[in-house]
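Whenever a hint applies, use it, and build me the whole structure from the sequences.
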Amino acid sequence: MNYIFKITLFLATVGLLATGCKKDNLTAPVDRTTVPRTIGEFIENNYDLSLLRAALEKTGMLDTLKQPGSLTFYAPDNAAFNAMGVASKADVDKMNTDSLRFMLRFHGMRNRYFITTFPDQLDNKFSSLAGPNLYVSVGKGSLGPAKEDRIVYVNGTMIMPGSKRNISLVNGVIHILRRPLKYTVGTVQDYVAADTSLTLFAAIMKKFGYWDGLKTKNPLTVFAPANAAFLKYGLTADSIARMVPDNFKQLAFGVYPLLMKPAHVFSTDANAISGETVSQANGILVDAYSICPNYTYSAYNNQEDSPIWTYIKKGDGQWSVNDAGPVTVRYKGGLINADHLTANGIVHVIDDLIFNPAKMRK
Amino acid sequence: MNKRYFLFIAMVVTMMSCRKTEFGNVENPAYLRVFNCLDFNITLDNKDAPQPYLTMLIDPVLDADGIPESAAIIGDFLDKRGEWARPYPDAVNTTTWQKEYPGTLKVMAGPILNGYDLSSWAQVPSGKHRIIFRTRPYNTTPFFSLEKNLRGVSLIDTTIDLQTREVYTMHVLERDYLTRKTGLYLRNENFVKQPFSDSMVYVNFYNLSSEGFFKYASQKIDHNAVPNRKIRDTMSVFYSITRMKGLQFEPIPGFNGLPMGPVIRSQQSHVNPYYNFPLFPDTSASRVFTGNIGQLFRFYGQGLTPETAVNSSYLPQGSYSALGVGDFGYGSGNQYVPFRIQADLRTGLIVSVHSGAINPRSFATVNTIEYINEKMYVTTIQRKYAPPVY
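Chains as they are written, first to last, in the working numbering: chain A, 1 to 362; chain B, 1001 to 1390.
No lab work stands behind these hints: they were computed from the structure. Check each hint, because a few of them may be wrong.
Here are the simulated BS3-like cross-link-like pairs (lysine-lysine), alpha carbons at most 27 Å apart as the crow flies [said to hold, decoys possible]:
1. B:K1080 / A:K140
2. A:K66 / A:K125
3. B:K1215 / A:K261
4. A:K217 / A:K206
5. B:K1080 / A:K125
6. A:K313 / B:K1080
7. A:K314 / B:K1230
8. B:K1128 / B:K1181
9. A:K207 / A:K261
10. A:K164 / A:K58
11. A:K261 / B:K1181
12. B:K1181 / A:K217
13. B:K1375 / A:K313
14. A:K313 / B:K1230
Predicted model, so just to flag it, every value in this text is computed and none were measured.
See the structure below:
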């Protein structure tokens, strides 16, 4: 009896000792910081991209971006959406789903492109997922010593520096954009006709015989003054209707579509070409005048500046500032109103007239 | 026993150690050297135009859309040409982008022909060839690895006829200054057939500027630009041989402003006559130059000479220009010597290298000076010389 008890006690002790220790689940939790994620998961988990996430969710594209594949996606962050006037998820929800989906598809392209894989040139054309081309320009300037620090623009919008570019993910690469890309289906004429702040510009184009060209010419670059700019010089729909085109020099209003000459100029091109402000002779030449859309970015305070200078070449070959209008004009409301890409050209909405019509009478 | 093993191993090693090299061979070769002479300044106005970064394709195969898929001979990464075309490829240069074809590409180079070192020429099969020059993006991806939509546009698509064992220099040139039309220029060089003395330095001149260059090139005088870089269609060349004295160059007595001949703008592919100057004009320097010698070529408009046009500042535009070859300093030039090309480090158009027991030893060369749209280019061809003895 005693023997049996001892055996039992021994077995019980051994059994308790063997089973008594706590058995932790040794599977480590998923490390969200090192496990490669997809583009969709990255956007989902990034507070700076919450508006982009809302837009992707609304259009059903977030799941698409979680699928295997090889993409380059240009992601506008919340600051970029805010600059466009989209401040919250509620604003995103108000947008038209189809056009929003088109716009988001316009921000992606096939294959992985890191900053260093873009050719060292202007306007490298790539088809976007939506169809129309994206123009990727590698600028002369650089934000640092390495090749990854080169300034790169997509359709006139800067790719953010530092850790906001070359984000390598399972199914592609993300570059964070300074501003959302803009594309309007249709021609320059359709764009101008649809924008209610450009009604006076449309009236001028019709009056001076440029209206049809806005539809047929390709490529075009148009600086379109907003209605307020015309009103500033006393031009209303009524007074435009009464204008006699023959009384004005061709450049008075011909300057806005650059006399319809083939041009394809984004707001950042001048900076991409020279790395600094563009010299007069390298600007867009229209008769004796040179239009120089400058662009500078300060990495120090993360600000952009974009005055459009106008110069005139005098008889002695020397350049001087615009003699018939303001020295500089600006994009209306900042760069958010520049680089509206359409099927046949680029529209920049500006806040002032380049030439004072009164000074451009014959 | 051990000895037998050793012998066996020695036998195996001996049998395996011979190197079996397959030597490349080009049947009936012609010798070809190619320069991309297109040069343009990107502005907002012309940024959509094709840029002059080229790929040369000889006998290409095109797909249904006209995009090249392969080619018999590829001269990829053809950059704008350098101001001095060296007499031999720069062996330590490993850059991808080439300033000429073949440059430092691993191709069958030309032989020593009649004593001239043609190692800067590539051997290509003679006969008729289709040749295409296509623009390409400025990156380091080989042309046929590029996506098809990035394979540029054809600037030139033509046929050339190369004769056996002839030496050719080919340029991609701008034909018309206003339309920016490009064209191919093929020159059958004849220096290998001429009885040139090895104690004379030979040089000939071309003005390969585009049609209408002087008339339409900007007439404005830019205060930042070096003046006197634009020349008229007909100019006369006068040469001076200079040496360094103190910090100044002074002409060697008897070699100041001597006439050479005319330079007339033409893109016809004929060889212009060679002029010469002595290899050792300076009798005071043991007849061996160890440095600090240069050649100055001055270009004067018709009717002007170094005697009549003393102050070049007051001449009409296009009437004066000059090219200093040698150590004329590092500046971008001034109104008196607007073009400066160093060429050989010590002696300009004369090649000075370690040869035999002498270091340096000076050798005469055959040179070509080409003026193309406000740019000056020098090509130096050297003779074979004895290797150095250390």
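Consistency of the hints with the structure:
1. With a C-alpha separation of about 18 Å, the suggested pair K1080 (chain B) and K140 (chain A) falls inside the 27 Å cut-off, and the hint holds.
2. Using a Cα cut-off of 27 Å, the hinted pair K66 (chain A) and K125 (chain A) holds, with the two alpha carbons roughly 26 Å apart.
3. At roughly 24 Å between alpha-carbon atoms, K1215 (chain B) and K261 (chain A) fall within 27 Å of each other, so this suggested pair holds.
4. Restraint check for K217 (chain A) and K206 (chain A): the C-alpha separation of about 15 Å stays at or below 27 Å, so the hint holds.
5. Note on K1080 (chain B) and K125 (chain A): the hinted pairing holds, with a Cα-Cα distance of about 23 Å set against a maximum of 27 Å.
6. For the given pair, K313 (chain A) sits about 31 Å from K1080 (chain B) by alpha-carbon distance, which is inconsistent with the 27 Å threshold.
7. Pair hint K314 (chain A) plus K1230 (chain B) holds up; C-alpha atoms about 22 Å apart against a cutoff of 27 Å.
8. Taking the CA atoms of K1128 (chain B) and K1181 (chain B), the gap is near 24 Å; set against the 27 Å cutoff, the hint holds.
9. The hinted pair formed by K207 (chain A) and K261 (chain A) meets the criterion: a straight-line CA distance of about 19 Å does not exceed 27 Å.
10. The suggested pairing of K164 (chain A) with K58 (chain A) holds, with an alpha-carbon distance near 24 Å, which does not exceed 27 Å.
11. The suggested pairing of K261 (chain A) with K1181 (chain B) holds, with an alpha-carbon distance near 19 Å, which does not exceed 27 Å.
12. A hinted pair counts as satisfied when its Cα atoms are at most 27 Å apart, and K1181 (chain B) with K217 (chain A) qualifies at roughly 23 Å.
13. Between K1375 (chain B) and K313 (chain A) the CA atoms are separated by roughly 26 Å; this keeps the pair inside 27 Å, and the hint holds.
14. At most 27 Å may separate the alpha-carbon atoms for a hinted pair to count; K313 (chain A) and K1230 (chain B) meet this at roughly 21 Å.
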